[in-house]
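Trainee: Protein chains in written order, with my numbering: chain A, 1 to 373; chain B, 1 to 323.
No lab work stands behind these hints: they were computed from the structure. Just so it is clear, the structure is predicted and the values come from calculations on it, not from any experiment. Don't take each hint at face value.
Calculated Cβ distances over 12 angstroms to all of chain B for the following chain A residues [unchecked claim]:
#1 59
#2 62
#3 177
#4 182
#5 235
#6 297
#7 304
Here chain B is said to cover these stretches of chain A; the calculated rule only asks that three of the stretch's residues, wherever they fall, bring their Cβ under 8 angstroms from a Cβ of chain B [what the hints assert, rightly or not]:
#8 81 to 94
#9 187 to 196
#10 332 to 340
#11 357 to 365
So these bits of chain A aren't anywhere near chain B, every CB distance computed over 10 angstroms [claimed, not checked]:
#12 75
#13 136
#14 173
#15 293
Heads up, the beta-carbon is just placed ideally off N, CA and C, and yes, glycines get one too.
Now for the letters of each chain:
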Amino acid sequence: MKSTPSFRTRRQRDRRARSVAAVAAIAAGALTLSACSLGAGSAGSSGGKTLTVGIWKGYGADLSWVATQFKQETGASLKFVYIDSERNLLDLMKKADGGIDVGLPNIQYIGDGIDGELFHELDTSELTNFGHIYPQFADRKELRKDGKLYGIPWTYGSTGLFYDDRVFKTAPTSLSVLWDSKYKGKIAVNDNATVEIPTAALYKGEDPQHPGLGTIEPALKDLKANAKLLYSSTDDLAKALSSGTVVAGIGNNDAIGGLIGSGQTHLKYTVPEEGAVGWIDNWAISAKTKNLGLAYDWLNYMTGSKFLTKWADTPEDASPAPANQKVVESLDSSVTSRLQADPAKISSLALQLPMPTARMQSWEDLWQKVKAG
Amino acid sequence: MTAPSPLRRVGGSPRRSAGPALARTGLLAPGIVLLVLFAFLPLVALVITGFVNDRSQLTTENFAHVFSSGTYLRLLGRTLLLSFAVTVVAIALGWPAAWALARHVKPARRTMILGLVIIPYITSQLLLIYGFLTLIQAGGPISYVLTQLHLTGPQDSILYTPWANFLMLVYESMPTAVLVLYSAAESVSPSVLEAARTLGARPRYVFTHVIWPLSAPMVVVNFTLTFVQTVGAFAEPAVLGGPDGQMLGNTISTQISSGANDGFAVALSLVLLVTSLLVVGVVTALVSWTKRAQSGGPTNRLTAPPRPRTRARTPELTVARES
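Based on the sequences and whatever the hints tell you, model everything.
Mentor: Printed below as a string of structure tokens:
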């Protein structure tokens, strides 16, 4: 049917009104979101009195007394941006464009951040604790590019063997216990390819950085067949341990230390004779921070005795081993034992180091294949 | 002053219709904005990410990786099959309950029971999962009772097995099933059922030719809601499923956490999304076909079962009018 002019005009007007309203609403929504985003970013960086920290939730830096101590020392407040993966930290720091002042990349990922020009070069003369960091960590090439330093080691740890000493009358010293059919259906395994593949490589005597995946696959299948639990959070592991469902497994030394500190004193942790997967967490300053001085204050506070000693002395806060040698030497031997802060074991750690995406994906594919099989 | 002519009255109508048009726009705009910002744009971003590799080049290699890998296709198949089974079991359990609620429970109690049914729906998913874990873990209440009855050992439990994951997913799906199928049960007029019975239709015939055609649309709604919700599950298999309880959802989750290749994780998500929609589409078509077949549509001439002994044509005609 042919439209009359009045109908056409009305339809056009209605359509235009709808279009204008829709575009205006979308624009308003987008502007509101942008404003929120900008507001959040500027609040953390422009005042000069707030330091924005990118970190894992519940990992030392956000303990309630930290903000109080740091404010007493510097007068500045803290704001935390929580991450859920190392890659997430790099993405957030990139998108924040200086809105996150400091972050905690581990040794495996810091190189990507350095290559992406996300981090500020560190001046060692501003780092009051740099001289006290274990040289095995401070001298690592992954922290540097063209001779410039971009990260200061904060903590280190291992992902080794834990067991229930009520079940094991003789303390196991080898990873072989995880493959022992005697404990079939009683083993907990960390659901992480970058832990399980190097662990299986250590067990099979392969190079943990470049294992032959053909050799590793049967070992991983046997490990899975022995496992009762694949866990991705310490809470899940704690529940399985408290119910007696698992009696041994692979775990982070700080997580197991936290469980021991919270009352599961029958748990024991060891770096087995084959070695264990190791990691180093490092503080880095954003290349675009507007609070450079405050960021250095944070790095000095975090790597210093005041913070690290208090953290280490509180078992339930699950501190890993400090990278500051002077601090470790000042701790009580029972504390260093709980933290697995044994410098003699550093050389037996198979560190999680940077690896090409293709290799990492091949590890992921293998681990998924084992799990799906 | 002249009296308004009919033409002028017509000419005034745009003013009257512009109001409703603007009101309509105003009512729709927030929803449209939310959909565009939080559903459409993220989906576009996901599609783009899926077609970009770690060197920021446009490529189909992420999808080629999915389809060339027996591991991921096996996980996809397992996830779709498990989700289908969960949905069917939830409907099979929820429908009789919803029917009983709609037909045989007094209205005052019905409200209370529906309130109780809703509780898991409005409870945090993680709380439900950990509550379920506490219930079924070794040494938990169920384990304790079974051990006391000498039916199982103290450390026996279905926790960390695919069954625990399956039961949890069914449990989570039950509120949706009961609520949606309760609406379906209410939509079947008692007089229609009475007419069918009076005319001699047997219970099975009443179900297939009266209840099913009238309830089919809500069954499809329930299937869609439950299946789509279940197919993306990742916390349940991760926490409860144990070494053999892997689903594609938690595979995607670990792939993202690994930071190895986000594009591949997105490709997995998109493949899961498309195959899920295909399953929903096929089931919708099948249910619609059976509805047409059983309610006297054109297909009925080809597939209709033998007529019941008595005059069963009347219920069919009644259903046709009702629907």
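Trainee: Now look at each hint and say whether the structure bears it out.
Mentor: Right, here's what the structure says about each hint:
1. Every CB of chain B is more than 12 angstroms from the CB of residue 59 of chain A (nearest about 16 angstroms), matching its label as outside the interface.
2. Taking the minimum C-beta to C-beta distance to chain B, about 20 angstroms, the non-interface status of residue 62 of chain A holds against the 12 angstroms cut.
3. Even its closest Cβ contact with chain B, about 17 angstroms, leaves residue 177 of chain A beyond 12 angstroms, as expected for a residue assigned away from the interface.
4. Under the 12 angstroms C-beta cut-off, the non-interface status given to residue 182 of chain A relative to chain B holds; the minimum distance is some 15 angstroms.
5. With a minimum CB-CB distance of about 8 angstroms to chain B, residue 235 of chain A fails to clear the 12 angstroms threshold, and the non-interface call is violated.
6. Remark: the non-interface label on residue 297 of chain A is consistent with the geometry, its nearest Cβ contact in chain B lying 30 angstroms away (cut-off 12 angstroms).
7. The non-interface label for residue 304 of chain A is consistent with chain B: the shortest C-beta to C-beta separation is roughly 30 angstroms, beyond 12 angstroms.
8. Counting residues of the stretch 81 to 94 of chain A whose beta-carbon sits less than 8 angstroms from any beta-carbon of chain B gives 5, enough to reach three: the coverage restraint holds.
9. Three residues within the 8 angstroms Cβ limit are the bar, and the stretch 187 to 196 of chain A against chain B gives 5, so the coverage statement holds.
10. Check on the stretch 332 to 340 of chain A: 0 of its residues sit with their Cβ under 8 angstroms from a Cβ of chain B, so the three-residue criterion for coverage is violated.
11. Coverage of the stretch 357 to 365 of chain A by chain B holds [criterion: at least 3 residues with CB-CB distance below 8 angstroms; count 6].
12. Residue 75 of chain A, annotated as away from the interface, keeps every beta carbon of chain B farther than 10 angstroms; the closest lies near 36 angstroms.
13. Listed as outside the interface, residue 136 of chain A is consistent with that label: its C-beta sits roughly 25 angstroms from the nearest C-beta of chain B, beyond the 10 angstroms cut-off.
14. Every CB of chain B is more than 10 angstroms from the CB of residue 173 of chain A (nearest about 25 angstroms), matching its label as outside the interface.
15. The claim that residue 293 of chain A is not at the interface with chain B holds, since no C-beta of that chain comes within 10 angstroms of its own (minimum 31 angstroms).
Checked against the numbered hints above, the structure violates hints 5 and 10; every other hint is satisfied.
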